[in-house]
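Asks: Each chain, letter by letter, is given below.
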Amino acid sequence: MSTYIVRRLIAMPLLLLGVITVAFLLTHFTAADPLTSIIGERQMNNPAVVEAARARWGLDRSLPERYVIYLGNLLQGDMGTSFRTRQPVAHDLMVRLPATLELVISAMLLGTIFGVVLGVLAARFRDGPIDNIARFFALIGASAPVFWTGLVVLFIFSVQLGWLPGPGRIDSRAVAPPFVTGFYTIDTLVAGDWAGFRSVLMHLILPASVLGWTVTGIVSRMVRASMLDVLSQEYILAARAKGAGPLRVLINHALRNAMLPTLTILGFSFAYLITGAILTETIFSWPGIGSYAVAAARGLDNPAIVGVTIIGGAAFLITNLLTDIAYALVDPRVKLSRQEGS
Amino acid sequence: MSLTASGNRKHRAGLPQWATLPVMLGGVILLYWIVVGLTIPLWAPYEPTMLAGMRFQPPNAEHWLGTDALGRDVFTRTLYGVRYSLPIAGMVIFCAVLIGCTLGAIAGFVGGIVDSIIMRLVDVTLSFPPILLAMAVTAALGPGLGNAAIAMVIVWWPIYARLMRAQVLTVREREHVEAAVASGATRPRVLVKHILPLCWSPIIVNATMDFGQVVLLVASLSFIGLGAAPPTPEWGQMISDGALHFYRWWIAAGPGIAILSIVLGFNFLGDGLRDFLDPRSK
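These protein sequence lines map, in sequence, to chains A and B. Just so you know, the first sequence maps onto residues 774 to 1115 in my numbering. Just so you know, the second sequence maps onto residues 141 to 422 in my numbering.
By construction, these hints were calculated from the structure, which means they are not laboratory data. Here a beta-carbon is modelled for each residue, glycine too, at the ideal position from N, C-alpha and C. Just to be clear, a hint being listed does not mean it is correct.
[Unchecked claim] Covered by chain B, per the in silico footprint, the following chain A stretches (three or more residues, Cβ under 8 Å): (1) 921-928; (2) 1047-1054; (3) 1062-1075; (4) 1080-1087.
Pulled out of the complex, with its shape left as it was, chain B reads as follows (with noise of 0.2 Å):
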């Protein structure tokens, strides 16, 4: 979903098509977290779970967001915490496109029972509130991130396959396609170099909008405990430390403001790519 304008988008002279005020600010917010998760450790202040100081430290000029219950520093783990939350929706996203899509794409073009039977599993799936899914299988599963991103894939590789069944069942209906069947091409190679390039611009606008709900649920179930668990500093992991001792706000506002501004950048990302590469949906 998107909450950002499309109405009044003004075009500075001598900038791509593509640069609006909100793809720069959203790509400008990425970089930024993206070149913090690559370089950290040659930078930072402190080592994430070292003891650097005393224990609740307001912030001050060696502490700039504070220490925490342990005495660690609020800042450096914030910055570590990006090296745990954007490899994890990263790895969440690009699973559920592989499988969702993968799923759809054989849903829309083979059809019958093959498409029931899929679609089906989709439904049920979608019948589920995303966050009570993901809790129940991280619950089966065992506590831990690698399996609440198994978990996120499971509830979110439907959407994608909905997605592309949509498209593949449209596509296939263009007049490009017949004229493939009719020079006698494979069915495979239809649906593979005739269909499928066309299908992608919704599933990455999509993928691109969800990254940051992904990013949010990761948290989410960190901070309920079904996720990190101490002493890692992930965002969800360092609220519900946060949590404990609310009347000292600097420990929790760190990761919060983080989450807020990936969740943001790619809100302002998807936004502007969606009127870039589907201009029908203004």
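With the rest of the complex left out, here is chain A (with noise of 0.2 Å):
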């Protein structure tokens, strides 16, 4: 098993450097004439003024000293310029990254909570009605758009039961809470401001639940499925004649098994959660990479959309060989030969 681990890392530079060029190469082919959306359309007819454009980003390279430019560049972490923001988009990413992580891991985190919990009940209570009661609403997750389910529950709990606050990440009359992390959640708890965090925190509950809903399904069909498997076993039989509770018999004996290879999915329900943060970011004006990355794949911002790329590429790229590894270590059958063996 460890040479396959080695065959995956040393893939992984390639693999990387793969999608840099295919996301270098994808906006180098562009239908519209990238200057158009630097300079303006009426500019375009300028010709002292598109010669000047073109020197000062670069365009007047050919494609693969640009290329090259660009990897040396990378390498410091450079990504170039944002033709919209005008900002480095290593910067723009960074500023931009704590909004996403916290909506995303607030998203894993409900989104294991729920589908652990409907995965136990289904298995527990298996083909009753709770067990397809819970099969139903992970499906309608998995199925619904997200940018509709969004607006759904906006409209529910914002508008109509005014329980929760509307778009954004905190109270617009508040003020943002001093950089330390740029997680608001801690960001206010370190300045001490529980308005705030209480605040940030009510923001946070409708996209990140959102955002989770589209992964219980996975999650709970995944403990289901192993929950299932385990509860068959003689060590549960043998525990019950013990005399163990069968909350305890359920909790201790049986989740605990069934909860390692539910951590091997953590790589499948990224995909959907980048997917999902993506639009939910756009419904719930989050100020988040994924806001980030729609504005530049609509303004023809080059760079940034390169830079977007490249960085969920890389981190998609990475949770995947997490995920490979995780599924190596955990796999019973490599466990089980392992002890036979000795």
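Make one complex out of these two single chains by using the hints.
Replies: See below:
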């Protein structure tokens, strides 16, 4: 198994280079001239301005030349300057990364907790009404467009019931907390701003729930399957025979072992979370990387598109690698053969 | 992926084996949309881009799903939306399957350097989160439904290439293939006549499941402004309109439920198909 992991590790940098190259090339075969988005349509008729802008943004060089320069800069953490914000892309991404991470991590937590609870219940009451309701709930989460469920929960909980605030990360009248980690939940706590913390938390609930819902199904199905697997084993019977209560058997004996395989679907759900985050951020005016990516793609902001695509690809590659390693480590057959050997 | 049950399926007497509840449900939903898509111009109460009444009317007897910011009938536009989503998804799946299976079969059958080149291309393409790659491609080609569809083919073909290659590699080792080779069949003939016919079932199951995901991604691209342009009655585009006035829930309700029902329908159908065509995966 270790040779497999080593092979994957060796392939990583090559795949990353592939990702960078594809992302770079894509944005240089654009149908529209990126200059239009820099200097505006009207100035395109002014050859002097066009010439100056071309030289200023390095667009007068040949493609291979630009590629080599881009790679060199990238190694130093420089992803070029955004046409739109006129800020370094790396800086833009760093500023927005905490917002996205805060959303995705909260969604992952919520989705996992709900998924585990649903999965355990579904396995315990197999084929009963609870099993079916859990399955239906999970199925809706995985099938509904997140950009619509986002609108629905906004309407119900914010407009109709008034329980939760509308879009944004924090109350629009409140000031953002002083930057420490970029996670507003942590930063407000560090600043001792309890009202701010409450506001941030309330703003987080809806987008995180909507995003988490998309992965609930994946988690609950996995938990259900592995719970059923575990529950049919003899040590569960032994635990019952010893007089352990049903809840104790379910949580301490079964769930603990059923959770291991569940860890391995992290990578799979991450793909859903990235897609979902881009759309959720758009709905909830969340100032993260997702909404940045959308603005960049709409505005022909090539350096930003390349940057976002590379970062997304790298994150995706790394989670997939970690998932595969986790898989190799957790796979019961691998363990079994080792025990038999020793 | 599938979320529906497979453990407790009861077969009703008198029905063929594939006719399980999910398959029937999925079939009915999809049949409904296909019939609507084909016949809607004959019976729609309004034109999809017609200003049919006052703006922002909540659902009422004249406008079942209300009217949008321009006073267009949301119900009519929702039904017309299927005329974009389903054909585009069908075309994307068809092209992705065609390209992916051809390259995958060649990679698996020929092997060597050809295999390496094709599979590295697959690896790199699959290294991107699908929506990000689709966004980058659409941005490069220029926004529009056609370009969004091309982007989706680029995102989706590697999945089928990988599947097909794995299938060919397995089937290639079977004895009847050896027999065909021994009896002097040419290599292309062995591939087309003796290997490919045995490779299709997982492809069909996956394509059915992916159909819903493609509908979802097309709508997503339109939603963020890279697919259909106004005033096209495309579902993602319509939800994007509704997002501007989210306190008027009915504008996005029709297209939202439409997408949900189609994705559900394909999930049900794909799930049932898998149990039928590929019993091992139960």
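Asks: Each hint should be assessed against the structure and marked as holding or not.
Replies: Going through the hints against the structure:
Coverage of the stretch 921-928 of chain A by chain B holds [criterion: at least 3 residues with CB-CB distance below 8 Å; count 6]. Using a Cβ-Cβ cut-off of 8 Å, 4 residues of the stretch 1047-1054 of chain A lie near chain B, which meets the minimum of three, so the contact claim holds. Only residues whose C-beta sits within less than 8 Å of a C-beta in chain B count toward coverage, and the stretch 1062-1075 of chain A has 6 of them, enough to reach three; the restraint holds. With 4 residues having a Cβ less than 8 Å from any Cβ of chain B, the stretch 1080-1087 of chain A passes the three-residue criterion, so the hint holds.
The earlier numbered hints are all upheld by this structure, with none contradicted.
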